[in-house]
Amino acid sequence: MENVMMNERRTRRNLFVRIITLSWIKKSTLVEIIAHLFIILFLYTGVAKLMEFDVFQEQLMDSPILAFAAPVVAWGLPITEFIVSISLFIPKYRLHGLYAAFVLMVFFTGYVGWLLAFAPELPCSCGGIMEALSWPAHLVVNIALIGLALTGIILAKKIKRTGGEL
Amino acid sequence: MKKALVIIYAVVIAGCYSKKPEIKKTGLEGQPMPNIDLIAIDSVSHFNTESIAPGKPTILFAFEPWCPYCKAQTRSILWQIKKLKEFNICMLTTSNYREFKNFCRKYELQKYPNVMAGIDYKHLFEQYFKTNSVPYLAIYDNEKKLKQLLEGKQYISSIKEASAR
Numbered sequence: 001m002e003n004v005m006m007n008e009r010r011t012r013r014n015l016f017v018r019i020i021t022l023s024w025i026k027k028s029t030l031v032e033i034i035a036h037l038f039i040i041l042f043l044y045t046g047v048a049k050l051m052e053f054d055v056f057q058e059q060l061m062d063s064p065i066l067a068f069a070a071p072v073v074a075w076g077l078p079i080t081e082f083i084v085s086i087s088l089f090i091p092k093y094r095l096h097g098l099y100a101a102f103v104l105m106v107f108f109t110g111y112v113g114w115l116l117a118f119a120p121e122l123p124c125s126c127g128g129i130m131e132a133l134s135w136p137a138h139l140v141v142n143i144a145l146i147g148l149a150l151t152g153i154i155l156a157k158k159i160k161r162t163g164g165e166l
Numbered sequence: 167m168k169k170a171l172v173i174i175y176a177v178v179i180a181g182c183y184s185k186k187p188e189i190k191k192t193g194l195e196g197q198p199m200p201n202i203d204l205i206a207i208d209s210v211s212h213f214n215t216e217s218i219a220p221g222k223p224t225i226l227f228a229f230e231p232w233c234p235y236c237k238a239q240t241r242s243i244l245w246q247i248k249k250l251k252e253f254n255i256c257m258l259t260t261s262n263y264r265e266f267k268n269f270c271r272k273y274e275l276q277k278y279p280n281v282m283a284g285i286d287y288k289h290l291f292e293q294y295f296k297t298n299s300v301p302y303l304a305i306y307d308n309e310k311k312l313k314q315l316l317e318g319k320q321y322i323s324s325i326k327e328a329s330a331r
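Chains as they are written, first to last, in the numbering used here: chain Y, 1 to 166; chain B, 167 to 331.
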């Protein structure tokens, strides 16, 4: 009787672990979901930056680090976001896209971290809904997105190593 | 699946287009311009909106020097100042004098004959229009009667449209 109960408990625990670790979803599906989440993020923030380009440029001009390169960054950043989105969309280039998304998120996080630690005044130079976040919240979201990109890279590499397709 | 994704992306992009310039109905339309006493850039002299001569439409532009939307609005107005040459433009802020002076210097506001700027030290604009953000543009006609209050950064075409309405 006790054995039956223990087995039942173990089964329930295993089911819970499977749900939490998302191991019930195929690896390639997970990579696809991560890629599309980044596409939505980069498309949204890229378009939002271009829609209010002059405001975005003014914000960059106030940045203690990026002011000197404001016009280049103002154009370069949304264009980079679109290129990364395209590479994430095409399965053949998805792993490259994930690497690029990871690097972008590390840059964004480094920038936000630097501002929080050293800048006397905090400018906002993000696009769309991200603008509504406080700076500490921004940092937390960015770190979570770095983790997401890293997860995507690890899974995509595993799939490629076993000869699978993304 | 791909079609669904394309639709999701289209919705995401369309979300960015949904921001339209806001026209605020204040109930003050048709009312004469309020008298707002302003401290000029020399920090000593004062001038009043009462001194703005009628005969030309006027824009009361409430801004703050730290606000990127206000900076972008200022830059776009000055960039296209020829299109607004028939307007009196009165810029007013509630900021401190140092920030105000730096802003005026940065944008060389004194270079423009139809642009005046001052500190609304009594916060009369926000009290009169019951606003709590910037930028705001109050568009007045030739007789200094309110045509429209515009909230947020505006295109020059929207300003001209509001004046012509």
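What the hints contain is simulated information worked out from the structure, not anything from laboratory work. It is possible that some hints are incorrect.
Stated by the list, open to error - Pair ranges (Cβ atoms, derived):
1. 25/Y with 248/B: 53 to 63 angstroms
2. 6/Y with 179/B: 51 to 61 angstroms
3. 25/Y with 262/B: 48 to 58 angstroms
4. 118/Y with 170/B: 40 to 50 angstroms
Don't be surprised by glycine CBs; every beta carbon is placed ideally from N, CA and C.
#### Entry: Earlier hints that do not hold, by number
Violated hints: none; all satisfied.
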